[in-house]
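Participant: Sequence:
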Amino acid sequence: SIAALLGVLAGAVGYVQADSEFALRGVQAYFWVSLNLAGIVFEMTYGKRLISNIHFSSPIWGSVLYTNALALLPMFCMVAST
1 SIAALLGVLA GAVGYVQADS EFALRGVQAY FWVSLNLAGI VFEMTYGKRL
51 ISNIHFSSPI WGSVLYTNAL ALLPMFCMVA ST
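Counting from 1, one number per residue, gives the positions in the sequence shown under the working numbering.
Treat the hints as calculated values from the structure; they're not laboratory data.
A quick note: this is a predicted structure, and the numbers were derived from the prediction, not measured.
Wrong hints could be hidden among the right ones.
[As the list claims (entries may be wrong)] Using C-beta positions, here's what the derived DEER-type ranges look like:
#: 1; residue 1: M44; residue 2: L9; range: 15 to 25 angstroms
#: 2; residue 1: F22; residue 2: E43; range: 25 to 35 angstroms
#: 3; residue 1: I2; residue 2: F76; range: 42 to 52 angstroms
#: 4; residue 1: C77; residue 2: M44; range: 19 to 29 angstroms
#: 5; residue 1: L35; residue 2: M78; range: 20 to 30 angstroms
#: 6; residue 1: Y66; residue 2: G7; range: 32 to 42 angstroms
#: 7; residue 1: S58; residue 2: Y15; range: 34 to 44 angstroms
#: 8; residue 1: K48; residue 2: C77; range: 18 to 28 angstroms
#: 9; residue 1: N68; residue 2: G39; range: 13 to 23 angstroms
#: 10; residue 1: T45; residue 2: L73; range: 17 to 27 angstroms
#: 11; residue 1: A18; residue 2: L73; range: 35 to 45 angstroms
#: 12; residue 1: I60; residue 2: G26; range: 44 to 54 angstroms
#: 13; residue 1: F76; residue 2: G7; range: 36 to 46 angstroms
#: 14; residue 1: T82; residue 2: A38; range: 22 to 32 angstroms
Idealized CB from N, CA, C, for every residue including glycine.
Work out the full structure: start from the sequences and follow the hints.
Facilitator: Set out below in C-alpha coordinates:
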(Lines of atoms letter the chains of each structure in order from A and count residues from 1; the text may use other names and numbers.)
(Lines give C-alpha, C1' and ligand atoms only; values in the text may rest on other atoms or scores of the structure.)
Protein backbone atom coordinates (compact mmCIF):
# COMPACT_ATOMS: atom_id res chain seq x y z
CA SER A 1 0.00 0.00 0.00
CA ILE A 2 2.94 2.36 0.59
CA ALA A 3 4.08 1.75 -2.99
CA ALA A 4 0.64 2.76 -4.27
CA LEU A 5 0.69 5.96 -2.21
CA LEU A 6 4.16 6.80 -3.47
CA GLY A 7 2.94 6.18 -7.03
CA VAL A 8 0.04 8.59 -6.51
CA LEU A 9 2.40 11.17 -5.01
CA ALA A 10 4.82 10.81 -7.93
CA GLY A 11 1.95 11.24 -10.40
CA ALA A 12 0.71 14.37 -8.63
CA VAL A 13 4.18 15.90 -8.54
CA GLY A 14 4.66 15.07 -12.22
CA TYR A 15 1.32 16.69 -13.08
CA VAL A 16 2.14 19.87 -11.19
CA GLN A 17 5.56 20.05 -12.86
CA ALA A 18 3.92 19.86 -16.31
CA ASP A 19 1.03 22.25 -15.53
CA SER A 20 1.49 25.59 -17.28
CA GLU A 21 -1.03 27.35 -15.00
CA PHE A 22 1.05 26.35 -11.98
CA ALA A 23 4.14 27.78 -13.69
CA LEU A 24 2.30 31.10 -14.19
CA ARG A 25 0.43 31.55 -10.92
CA GLY A 26 2.09 29.15 -8.49
CA VAL A 27 0.10 27.69 -5.63
CA GLN A 28 -2.79 30.12 -6.29
CA ALA A 29 -3.65 28.07 -9.37
CA TYR A 30 -4.88 25.30 -7.06
CA PHE A 31 -6.94 27.43 -4.67
CA TRP A 32 -10.35 26.09 -5.71
CA VAL A 33 -9.06 22.52 -5.90
CA SER A 34 -7.70 22.82 -2.37
CA LEU A 35 -10.94 24.37 -1.12
CA ASN A 36 -12.94 21.54 -2.70
CA LEU A 37 -10.65 18.93 -1.14
CA ALA A 38 -11.00 20.55 2.30
CA GLY A 39 -14.79 20.54 1.91
CA ILE A 40 -14.85 16.87 0.95
CA VAL A 41 -12.62 15.92 3.89
CA PHE A 42 -14.88 17.84 6.29
CA GLU A 43 -18.03 16.34 4.80
CA MET A 44 -16.75 12.76 4.98
CA THR A 45 -15.38 13.15 8.52
CA TYR A 46 -18.51 14.84 9.83
CA GLY A 47 -20.74 12.28 8.11
CA LYS A 48 -18.76 9.44 9.63
CA ARG A 49 -19.16 11.02 13.06
CA LEU A 50 -22.92 11.36 12.62
CA ILE A 51 -23.36 7.81 11.37
CA SER A 52 -21.16 6.27 14.07
CA ASN A 53 -23.69 7.16 16.80
CA ILE A 54 -26.55 5.25 15.10
CA HIS A 55 -26.84 1.50 15.67
CA PHE A 56 -28.13 -0.44 12.65
CA SER A 57 -29.57 -3.95 12.62
CA SER A 58 -27.37 -4.72 9.62
CA PRO A 59 -23.93 -3.24 10.38
CA ILE A 60 -22.70 -3.59 6.79
CA TRP A 61 -25.64 -2.30 4.73
CA GLY A 62 -27.38 -0.20 7.37
CA SER A 63 -25.33 2.95 6.92
CA VAL A 64 -25.46 2.68 3.12
CA LEU A 65 -29.24 2.37 3.08
CA TYR A 66 -29.58 5.20 5.61
CA THR A 67 -27.37 7.52 3.57
CA ASN A 68 -29.17 6.67 0.34
CA ALA A 69 -32.56 7.24 1.97
CA LEU A 70 -31.43 10.69 3.15
CA ALA A 71 -30.28 11.51 -0.38
CA LEU A 72 -33.62 10.69 -2.02
CA LEU A 73 -35.38 13.98 -1.26
CA PRO A 74 -32.58 16.27 -2.53
CA MET A 75 -32.23 14.06 -5.61
CA PHE A 76 -35.93 14.28 -6.43
CA CYS A 77 -35.84 18.06 -5.91
CA MET A 78 -32.95 18.38 -8.35
CA VAL A 79 -34.75 16.23 -10.93
CA ALA A 80 -37.98 18.18 -10.53
CA SER A 81 -36.22 21.52 -11.00
CA THR A 82 -34.79 20.57 -14.42
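Participant: Take the hints in turn and mark each one as holding or not.
Facilitator: Verification of the hints:
1. M44 <-> L9: 15 to 25 angstroms: 20 angstroms, holds
2. F22 <-> E43: 25 to 35 angstroms: 26 angstroms, holds
3. I2 <-> F76: 42 to 52 angstroms: 43 angstroms, holds
4. C77 <-> M44: 19 to 29 angstroms: For C77 and M44 the Cβ distance comes to about 23 angstroms; the hint holds.
5. L35 <-> M78: 20 to 30 angstroms: 22 angstroms, holds
6. Y66 <-> G7: 32 to 42 angstroms: 35 angstroms, holds
7. S58 <-> Y15: 34 to 44 angstroms: For Y15 against S58, whose Cβ atoms are near 41 angstroms apart, the range 34 to 44 angstroms holds.
8. K48 <-> C77: 18 to 28 angstroms: At 25 angstroms between Cβs, range holds.
9. N68 <-> G39: 13 to 23 angstroms: Holds - the Cβ-Cβ distance for N68 and G39, about 21 angstroms, lies within 13 to 23 angstroms.
10. T45 <-> L73: 17 to 27 angstroms: For L73 against T45, whose Cβ atoms are near 23 angstroms apart, the range 17 to 27 angstroms holds.
11. A18 <-> L73: 35 to 45 angstroms: 43 angstroms, holds
12. I60 <-> G26: 44 to 54 angstroms: Given range 44 to 54 angstroms: holds, Cβ gap about 45 angstroms.
13. F76 <-> G7: 36 to 46 angstroms: 40 angstroms Cβ-Cβ, so the 36 to 46 angstroms window holds.
14. T82 <-> A38: 22 to 32 angstroms: 29 angstroms, holds
Every hint from the earlier list agrees with this structure, and none is contradicted.
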